[in-house]
Amino acid sequence: MTAHPAGPVAAPAAAAPRFEPSLMRRKLAGTVFLGVCLLAVGLLLLTLAVLLWDILSRGVPWLDAQFLTSGPSRRAARAGVLPALVGSIEIALLVALITFPVGVAAAIYLEEYATDGRINRLLRTNISNLAGVPSIVYGIFGLALFVRGLGLGFTLLAGALTLSLLILPVVIIASMEALRAVPHAQREAAFALGGSRWQVVRGSVLPAAAPGILTGIILAMARAIGETAPLILVGAVTFVTFLPNPIASGYTVLPIQIFQWAGDPREDFQSLAAAAITVLLVLMFVLNALAIVIRARLSRHLTW
Amino acid sequence: MTAAPASFTRRTPVRERLVEAFLALSAAIGILTTVGIVAVLVFEAVEFFREVPLLEYLTGTVWSASIKPFRFGVLPLVTGTLLVAGLALLIAIPLGLVSGIYLAEYASPRIRTVLKPLLELIAGIPTVVLGFFAINFISPILLKSLVPGIGGFSVLAGGIVVGILVTPLIASLSEDALRAVPRSLREGAFAMGATKFEVVRRVVVPAALSGIMASIILAMSRAVGETMAVVLAVGANPQLTLDIRESVQTMTAFIVQISLGDTPAGSLQFKALFAVGATLFLMTLALNLLSDRVVARFRNRY
Amino acid sequence: MEEETPVTVTTPPHTPSGTQPPRVPIRIVTGPAGAGAAAMPAPQPGEPGGHGEPGGHGEPGNSGNSGEPATTVRLEAISCWYGGFRAIRDVSLDIERRRITALIGPSGCGKSTLLRTMNRMNDLVPSFRLAGRVTFDGVDIYGRGVDPVVVRRRVGMVFQKPNPFPKSIYDNVAFGPRINGYRGKLDELVERSLRRAALWDEVKDKLRQSGLSLSGGQQQRLCIARTIATEPEVILMDEPCSALDPRATLQIEELMAELSRDYTIVIVTHNMQQAARASDTTIFITMGDDRAGYVVERGPTLRIFTNPEHRLTEDYVSGRFG
Ligand SMILES: Nc1ncnc2c1ncn2[C@@H]1O[C@H](COP(=O)(O)OP(=O)(O)OP(=O)(O)O)[C@@H](O)[C@H]1O
Ligand SMILES: [Mg+2]
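From first to last, the protein sequence lines stand for chains S, C and R.
Count along the first sequence from 1, then add 74; that gives the number in my numbering.
Count along the second sequence from 1, then add 126; that gives the number in my numbering.
Count along the third sequence from 1, then add 9; that gives the number in my numbering.
Calculated directly from the structure, the hints in this document are not laboratory data.
Note that the coordinates shown come from a computational prediction; the quantities given were computed from them, not determined experimentally.
Please note that the accuracy of each hint is not assured.
Derived pair list, reagent style DSSO-like, types lysine-lysine, alpha-carbon separation capped at 30 Å [as the list claims (entries may be wrong)]: (1) R:Lys194 <-> C:Lys322; (2) R:Lys176 <-> C:Lys322; (3) R:Lys213 <-> R:Lys170; (4) R:Lys176 <-> R:Lys213; (5) R:Lys176 <-> R:Lys194; (6) C:Lys242 <-> C:Lys322; (7) R:Lys213 <-> R:Lys194; (8) R:Lys215 <-> R:Lys170; (9) S:Lys101 <-> C:Lys270; (10) S:Lys101 <-> R:Lys170; (11) R:Lys213 <-> S:Lys101; (12) R:Lys215 <-> R:Lys176; (13) R:Lys215 <-> S:Lys101; (14) S:Lys101 <-> C:Lys242; (15) C:Lys322 <-> R:Lys170; (16) R:Lys194 <-> R:Lys215.
The following residues of chain C were derived to be distant from chain S, with all beta-carbon distances above 12 Å [stated by the list, open to error]: (17) Glu182; (18) Thr187; (19) Ser192; (20) Arg197; (21) Gly212; (22) Pro274; (23) Ser310; (24) Asn363.
Every residue gets a Cβ at the ideal spot worked out from N, C-alpha and C, and that includes glycine.
Just chain S, same shape as in the assembly:
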């Protein structure tokens, strides 16, 4: 900072900074911290990479037609994920079917109808607190309500209902956000045409919010597919070699299958677990990609 005299008379001593010596140290602290940042982020990414590598390098070689088309077996070489895969897909579809109307309805009520501040706030806090309840507690509730209380037994339907309760807060929150993103002018225009509240919501607000809502539902499905703990409580642990019927007893899903195989210390079964994880991750990836595509597609059609 002393090297820039601007005129014939050199800049006076005032130009010489007074606190310089410590500045080097202060800057060094910043550089060190940035290093720590990069280290932390690097460690996270490394963990992710090792995890994926560990799973894929083990699992992918086991992925073949046989694996995808057979049921579990005591012999690793003949085991497969078909019942679990079908179970997962069935459960995910059921969860979507259940949470879609209920979740969207709740969101519409909270965003478009409820005007009483206190009730509204109570409902909202409740929903956000529900999102913090451990999933296994939902399992306990599902066991008491659906399996025993309603007498559904250890069926896929009971499992889907339990997961629906678990996922519902996520769907409601996502739908509320989608509804909130619809511009006010949209509503007012429809009201101005003499629409009733419901006509406005159905004809004008919902279509505009559809991409967001749909995306939320699909992402919720992806989450439901990965859930394990609550399903253990509502009975998805059986050694299932047949394709599940939603209302008959006996079903399994991918995470449970993974859990069973992962608990078996034999090398081959560890690989089976890795292969099943690969299938699960692919499934989740497909759902996520679908969500992105839908959002892009629909929002292009519905520009406002």
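Chain S is already provided as a structure; the job is to place chains C and R with the ligands on it using the hints.
Same frame as chain S, but now just chains C and R with the ligands:
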């Protein structure tokens, strides 16, 4: 129930009333669920405490639910849970906080658009997958070579995977808190000749502290309620220990153990499942409420 | 919107008096306009006139009344861009030492931008780009090897909205000294700074309370105290009173007058009375059709307000513009 605007009320057809009733009912499902969960837990736990005195449950140091003589002192499960969660936080707080600070303050928009989805990816990994990672990599490969005398199941392995699990939570929530700090505060500090690091450390982080605290409490709640990763990594050995190389049993792992076995529905063990579930629910509820409160304080700040 | 767009900066000759007149709430004199011309931009080395006493300004090494150059900060042909948008076009001006310089002009003309080039605050805006030279006591502050941290320590800034840190009053004031490794007695420095900012009496019993617990005017004085505590040489103020009521505004203005004995102050204001009351020199900035800001006129405050050279200035100060 809310009425439509006055000028419409008289003409509201029945169909719309039905629709509105359905909407309101759906919105109430959250409340019904909460009430239901509490009712179930209380009802079944009361059954349990008829046979096992509450005091014995809360202060007992031996938990033996499947081997006679049956003992139901919950302390080993609670300490096991807290040990795993504490260890997880020990890993996740520095890692998550530093990542959050990096994302909020240092990363360029381009790096952020790459990094955020990767963090979300980690957050979205099913916990059973992390359990597999623990049993298949962390315990036998990483820990075996680093920690002498460690078994296939350990608090350490559980702490690590749960730590991985909640790090993205802390990272993204504290990133939000940091971003909410008004730019004027940063500018004020910069204008006094603070370096970037000084601005972050002495102004931005302290200003976001309650948001950061809330994220940590939420992470704690997640860690306490975490199930599958813990079952696979920590094992099922309910003992009162502080040795992180040991296998213990957490509350969630006990619940899984009972529901996996063929425990008859009316038995004491089965009722114990609900008592432990109630304990777990209360702990996480307390943590969630605490974090809400901390966040609320944060909101009133500026 | 306006009739003419000068291509180059036109600054009328003027001479501020070499000695500081006593400052009263409404200033009367700054010296005869038009005597002893010093052309802007950047005086040519060989140019005759304007460098002699009294009060030739703008030339480093040209002493005022204490052996220092009269100019502290000087902008030489500055242009600023935010991305592709040019916010400032070719502005040259200089800031006199221990004077209060007011920047006035319509909203969006680039006053803040200009102010923030003087302490490199705009470096924090990623899309910001600058052409031209900014010197501080003759040193190019954007030059190689110059650290913006050092620049900002010597050129402090007070913002439009009071922005005390969410810390105690004491810690707010001690912030700058602490990061700069201040070795003296911190308590004394804090007290001295608060006294200078005319805040001490109001807060001396509650130094541990949060800075946010103060009223708006008190917060702004706290921010001034905080700035003084780092002992800058120049204090930039960007509409420091726009969030305050008239009483608090007057307090700040009195404070500025007091501070200008030791500090060079540059203030951006939308308040014509404030500029007229509180400044020695006024610079009027406006923007061209492309919304790029440029200097229309610069001169002693009294002259700018009573006898402006430019129609644009006249329209603006008389309230016919903006
Ligand atoms: N960070 C930024 N990014 C992009 N453009 C900006 C930024 N800051 C300012 N501008 C633009 O630069 C121009 C000058 O802005 P500046 O804030 O300097 O004006 P101003 O004279 O201070 O206005 P005001 O009196 O309203 O404070 C404006 O057109 C503004 O939109
Ligand atoms: Mg401005």
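**Request:** Could you work out which earlier hints the structure fails to respect and list their numbers in ascending sequence?
**Result:** 9, 11 and 13
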